[in-house]
Amino acid sequence: DQDVETVYIPEEDRATLCVSSQVGCALECKFCSTAQQGFNRNLKVSEIIGQVWRAAREIGLQKETGRRPIT
Numbered sequence: 001d002q003d004v005e006t007v008y009i010p011e012e013d014r015a016t017l018c019v020s021s022q023v024g025c026a027l028e029c030k031f032c033s034t035a036q037q038g039f040n041r042n043l044k045v046s047e048i049i050g051q052v053w054r055a056a057r058e059i060g061l062q063k064e065t066g067r068r069p070i071t
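Start counting the sequence shown at 1; every next residue gets the next number (the numbering used here).
By construction, these hints were calculated from the structure, which means they are not laboratory data. Bear in mind the structure is a predicted one, so any value in this text is a computation, not a measurement. Possibly wrong hints are sitting among the right ones.
[What the hints assert, rightly or not] Ranges between beta-carbon positions, derived for each pair: (1) GLU12 to GLN37: 33 to 43 angstroms; (2) LYS30 to VAL4: 17 to 27 angstroms; (3) GLN36 to GLY60: 27 to 37 angstroms.
Even for Gly, the Cβ is constructed at its ideal location relative to N, Cα and C.
Whole structure, please, built from the sequences with the hints as guidance.
Have a look at this one:
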């Protein structure tokens, strides 16, 4: 099983949700710990949507109100 990272960054008037689209990375940037594991695979669409769904549930986001509280 492979872990992926989802990061929620709340701000005063909005929030940002960073979701993973891959397991690992092929760019090999020296400053990045993800690069140390190399590229493994692209995530399935369902895995990416699952990150958004779980984050919305964890932060208590209710059904769509017409606003975009997460970008």
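Numbers of the earlier hints that this structure fails to satisfy, in rising order: Per hint list: zero violations.
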